[in-house]
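Numbering of the sequence shown is given in the UniProt record's numbering, commencing with residue 1 and proceeding in unit increments.
Keep in mind that the hints are not guaranteed to be accurate.
Here are the simulated DSSO-like cross-link-like pairs (lysine-lysine), alpha carbons at most 30 Å apart as the crow flies [as the list claims (entries may be wrong)]: (1) K25 with K76; (2) K76 with K29; (3) K29 with K69.
Treat the hints as calculated values from the structure; they're not laboratory data.
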Amino acid sequence: MSEVERLTDELCRAIRTSREYAEYKEAYKILEQYPGLLRETNELRRQNFELQNSEDSDGMFDRVETFRKNYAELRKHQEVSDFLQAELCLARMVQSIGNAVTGCLDMNVDFLD
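Taking the hints into account, I'd like the entire structure generated from these sequences.
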């Protein structure tokens, strides 16, 4: 096993034992006890993902506002709110790790400009 593979395994273990991951797993476990809320939350997550990854900027403000209004009541449920917050914290941690790795490498990505 190469050093990079070994350190990748170590990083994965560190993430799985992190506070952020534990809180995410606990919040998901609680949300699973409410199948209807879980189903609605997963639909919110799917639509949020589609909005964030949409290349069509026409009417984006209106689509985001409609999304926000459609899910305002759902987000008032403590179980949903806690899960979404825990998911955001975990996602930010993973994003930070990805940024640190790609930021330290000299990879030419000028073609993206």
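Do the hints match the structure? See the list:
Between K25 and K76 the CA atoms are separated by roughly 20 Å; this keeps the pair inside 30 Å, and the hint holds. For the suggested pair K76 and K29, the alpha carbons sit about 18 Å apart, so the restraint of at most 30 Å is met. For the hint linking K29 to K69, the alpha-carbon distance of about 26 Å falls within 30 Å, and the restraint holds.
Of the numbered hints stated above, none is contradicted by the structure.
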